[in-house]
Amino acid sequence: MTNIVEAKSLRKNYGNFTALDGVDLTIPKGAISGLIGPNGAGKTTTLKALIGLCDVEGELIVAGQDPRVSRHKLMENVCFIADVGILPKWLKVSSVIDYVEAVHPRFDRKKVEKFLSTTDIPANKRIKNLSKGMVTQLHLALVMAIDVELLVLDEPTLGLDIIYRKEFYDRLLNDFYDENRTIIVSTHQVEEIETLLSHLVFINKGKIVLDSLMSDLPSIYTEVLVDADKIAQADSLQPINVRELLGKKSYTYESVPIEQLEVLGELRTPSVADLFVAKLKEEKHG
Amino acid sequence: MKGLILGSRYRLLVVTLIIYMGFLVAEGMIIGREARAKKCVGFCFEFDSADLEEIWKRRNGNENIGVELESMGDV
Amino acid sequence: MDKFAVLQFYGLLKREVLEHQNLFIGAPAVVASLLLVACTWVATQVDQSQLAELLRYVPVMSDGLSIFELAPFFMLLAIPFILTLYICSVIYLTNTLYQDRKEMSVLFWQSMPVSNLKTVLSKVFVIVFVVPGFYVLIIFATYLITMAWLTILGINNDVDLVGIGYMFLAAIASLVLIYISIIVTSLWLLPSIGWLLLFSAFAKKTPLLWAGGVLILVGFLEDFIFGTQFLANWIASRTSDPRQYLIFDFQSVFERVFNYDTLFGVVVGGILITGAVFMRRFTD
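Protein chains in written order, with the numbering used here: chain F, 7 to 292; chain D, 866 to 940; chain L, 408 to 691.
Be aware that one or more of the hints could be misleading.
The calculated lysine to aspartate or glutamate pairs, modelled on DMTMM-like cross-linking and capped at a C-alpha distance of 25 Å, are [what the hints assert, rightly or not]:
1) F:138 - F:198
2) L:612 - F:280
3) F:95 - L:691
Footprint (simulated), chain D over chain L, 3 or more residues, beta carbon under 8 Å [unchecked claim]:
4) 636 to 643
5) 676 to 690
Calculated from the structure, these hints are not laboratory results. In this text, all values refer to a predicted model and were calculated from it rather than measured experimentally. Note that the Cβ used here is the ideal one computed from N, Cα and C, for glycine as well.
Go ahead and model the full structure; you've got the sequences and the hints to work with.
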């Protein structure tokens, strides 16, 4: 199996609101995949569907299983960290470790204790008395101590300060990730993770707008800082976005041959953030 | 069908309640459980306002009000 | 049975006890404290010699009776605890599948490889088998403290302690009867357990109001649409006799468990619990 996630025509409605509108998604095994989208785009619904916490229509296979049929079996091989603080507030740190050790067959207590020994989290403190950063550290410690194929992270660093955010991703990459594991992360803070990603998915209004390996992006998308006398020519090539940059106009193109763009001005590959904005504006203007 | 029932918490609740009531009604019919609730006996359930007027008239001419009430039914 | 499955189930039970310590241990401890304080106050109002005289009379009262024949008396003394257990059970069952959705920790619980079936069954197991055990232990502690005090009173007043010792054995026997009685009653009340769990899993707010309101509504609809009252009559038949809630001798246990009404109730309770298991998939 080369893909950890294979989804076709996923649909989900909440009353009159369409959260997912025919989502097709393929995530290769071993990827660090970023799911980027504005508020209400369908990121959380997609991630919840992948781990069986949300019923959707369509075909869906995650790590070889349909999450709607055998969620608890799937969760032996998948871990999830949500955007809200979901660790039970009434539990003590030591009790939550005891609980995960009891219920998860792939949990290694020594790993979590080793991780926590490098933090300031005391074992006998209740989770409600920990700071938000500590709660995330604890949850990450628990997750990293479980030997799983897939880690799903829904805005895991939301509301954390820069120190905790950096430490989160450093630990994730250095102590957890290897080529046999896949990470799917959704976030608003695109700039923070774009250097980590190997696979990129944009979602907007319940539809997938972009689904590409990071390595393919330079050959598909080009940003051109257009010389003032080439504006008309630049416009004729149907850019997906135009913006002002340092007194010049910057045009973003999709699948336009480099030879046609070279004559317009200075070329570069757009950042993920700029590409994200460009694709959303393209969607907006049709 | 399964997706239809399990797709909404309200549909699931209604189906569960229908199955629950179906079992109760079927069992009740099979074993011959009383289909109507047992009639409540007692002063309050058999009270008729006309009796009150009667009592009031008689009271003015008769001190034995307890006897009047007892004659109306089980108290 | 798979050792990991057993350890996993034990982990689930431990979680329930840790989460609801106030209901399972705190509440009966408070009842025990209040009873002991009340007894102490009564004892201070009564002349010690009169109490001692009463103690001397104990062997006479229990003469010819076995400890199992005396046990029902001590069961009656445990009624405050049993009532507390039923109230706490209603609170627990109503909140257990609702509270973790309200505070979003359901996303953590469901991110673990534990099926909804195991989750719900662990809650039924806890309330039927585990919680009565805690209550019985606290009743035992209450009896122990009381017996210790009576022993001291007896020693100070030259009362023969054999009678007190015999009563203590009867109290211990009553604990076994109480525990079995609660379990058998829980099987009898399985439809109620299932009903509360179903609405605990269903309701987005005020699960107890939903549970009560829908029960009334269903009864009303049955009468309005079909002109029958099977639901009302069935409930009445299961709640009308107080003897359904206490077992006073071991001989009647088998008869109480393996009779048609209990077993039918288990089936109906099973339907409602199954509904709760499927309802658990809705995490909002």
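Now for the hints, and whether the structure bears them out:
The straight-line distance between the Cα atoms of residue 138 of chain F and residue 198 of chain F is roughly 19 Å, inside the 25 Å bound, and the hint therefore holds. This hinted pair does not check out: residue 612 of chain L and residue 280 of chain F have alpha carbons roughly 43 Å apart, beyond 25 Å. For a cut-off of 25 Å, the pair hint linking residue 95 of chain F to residue 691 of chain L stands: about 18 Å separates their Cα positions. Beta-carbon proximity to chain D at under 8 Å applies to 7 residues in the stretch 636 to 643 of chain L; the threshold of 3 is reached and the given coverage holds.
With 8 residues having a beta carbon nearer than 8 Å to a beta carbon of chain D, the stretch 676 to 690 of chain L meets the requirement of three or more and the stated coverage holds.
Going down the numbered hints, you'll see the structure goes against just number 2.
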